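Engineer: Each chain is listed here by its residues.
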Amino acid sequence: MSETLPNLKKLERRPQDMVLTYDNDSEFTVSYDDLRHACPCAKCSPMRNEDDTSRNLRRQIEALPAEKPAVRTVGKYALAFDWQQGCSSGIYRFERIYDLANRRDPDRGKPYVHGAW
Amino acid sequence: MDSRIPLRGWVEVGQYGGLSMADSPVSINSPGASNEASAGPSPQEQKQMEQAYAQMKRKMAMEEIGRKIKHKIMVLSGKGGVGKSTVSTGLALSLAQQGHSVGILDIDITGPNVPKMMGLDGRRLHVENKRIHPAQGHLGVKVISMAFLLEDEDTPVVWRGPIKLGAIQQFIGDVEWGELDYLVIDFPPGTSDEPLTVAQSLPDIDGMVIVTTPQQVALLDSRKSITFSESLKVPVLGIVENMSGFTVNGTTSPGTEVSIAAPGGKTLSAKADGEGNFSVTLDIFKEGGGKDTAEEFGVPFLGALPFDPGFVRGGDDGVHRIVSEPEGPSALAFANVVAAIQDQLSDGTDGGLEII
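Residue numbers (this note's numbering), protein chains in the order written: chain A, 2 to 118; chain B, 872 to 1227.
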């Protein structure tokens, strides 16, 4: 939270990934598989705690048919992605998306415990 | 031949024929129905049909309500006793002060106390054409609560989950709210049936406001509410910290330094102004817990509400602090929280995000 977050200005959905452009002119590509694997919902998050279940989650995601999600803003702090198949529950805070864009662990190494990190 | 319509056919009539309450499912004629159907449904089937009919009507009503109410805000907390109903009524009244049309739906079935805070104690609901009409409290805020249905306030409601669920759906689907700018929904503490039912029944909920107090136990439970929101797919609008600090005002000789022993072994100092007035704020529980939790989870911090004994008196007397002292510090604190919520309710395109 201490890092100053640039504002996301443009999100371009492509068939397999999305291109994010920030107001500091930086540009990133995030694949939909990476995005879905980082879903912050209470169902997907615990699966990333263990390597085995995390790999399993990844395999499940990669087996889904390729699709462009519908994207909507959540207040002024997050984005939500609606998929035809698979989990659409996650509310992705802009910080989380920026972490993904920069290839950083969006969970910041913290295991998920329901109710509290 | 007068034949009864099986459920499937009846639902189709409802979808395309504009079903109304007068169109009883058991009295619709079907010229094309076969002779086998002429025996009619058994009483059990008839009851099922009637239930399905009522369910469908309710669902249609819920969708209608979804369209008529611009913003729907859930107020939750993980822990009891943090002042959720006080915050719900405060938000509703603060929004009403701005000139918005507002309603409060008190979903706390076992401990409904919004009517008391809104000066509607002992009221009964008006039912017309099988639609429930809300009571109107201070500043024209419409109120629906289980308390209106209780014979006396000492009678406990002992309901199992499914009955509770039915009552909640009725409170949503059968109430004639009219056009509203905001509907504030007050829940019992915890992450159980009630928010789940509402989130699944009422379309397009804007988000939830999580109420907490600064101490660690309440904060832990607030974290549950945040993760719960992600399961429900309802965004968190932010965290409100209630009972944040208690301000002590006093007078002494002008310019005098005053020291006050505060909780946690702290000493607070203040200097009296030219007229001898001084004030210090004691953090009864702790300082900044709600803000820290909001930062940890990356959700907005909507503001802190002061520890104000006037809320207790107002709650008991049925005159909320915002009504009795509309320009007071508590009313201003609520106005700031409302402004932060309204900021979150904007569609987020103000920042100019272009989605292609």
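In short, the hints are calculated from the structure, not lab data.
Take the hints with a grain of salt, since some may be wrong.
[Said to hold, decoys possible] Here are some, though not all, of the chain A residues that point toward chain B, as calculated from beta-carbon distances under 7 Å: (1) LEU9; (2) LYS11; (3) LEU12; (4) GLU13; (5) CYS42; (6) ILE62; (7) VAL75; (8) TYR78; (9) SER90; (10) ILE92; (11) GLU96.
Nothing here was measured: the structure is a model prediction, and the numbers come from that model.
From the three backbone atoms N, C-alpha and C, an ideal C-beta is built for every residue, glycine too.
Engineer: Determine for every hint whether it applies to the structure shown.
Structural biologist: Hints, one by one, checked against the model:
1. A distance limit of 7 Å between C-beta atoms decides the matter here; for A/LEU9 the minimum to chain B is near 6 Å, and the interface restraint holds.
2. With its C-beta approaching chain B no nearer than about 5 Å, A/LYS11 sits inside the 7 Å limit, and its interface hint holds.
3. The beta carbon of A/LEU12 is positioned within 7 Å of a beta carbon in chain B (closest approach about 5 Å), and the interface hint is therefore held.
4. The closest approach between the C-beta of A/GLU13 and any C-beta of chain B is roughly 5 Å, which is under the 7 Å cut-off, so the hint is satisfied.
5. Given the 7 Å rule on beta carbons, the hint for A/CYS42 holds: about 5 Å separates it from the nearest Cβ of chain B.
6. A cut of 7 Å between beta carbons decides the hint on A/ILE62: the least distance to chain B is about 18 Å, and the hint is violated.
7. With a cut of 7 Å, the hint placing A/VAL75 at the interface with chain B holds, because the nearest CB-to-CB distance is about 4 Å.
8. Restraint check, A/TYR78 versus chain B: the minimum CB separation of about 6 Å is within 7 Å; hint holds.
9. Against a cut-off of 7 Å between C-beta atoms, the interface hint on A/SER90 holds, since the closest Cβ of chain B lies about 5 Å away.
10. Checking A/ILE92 against chain B by beta carbon gives a least distance of about 6 Å; that is within 7 Å, so the hint holds.
11. For A/GLU96, the shortest C-beta to C-beta distance to chain B is roughly 5 Å, which falls under 7 Å, so the interface hint holds.
In terms of the numbered hints stated before, the structure departs from hint 6 and from no other.
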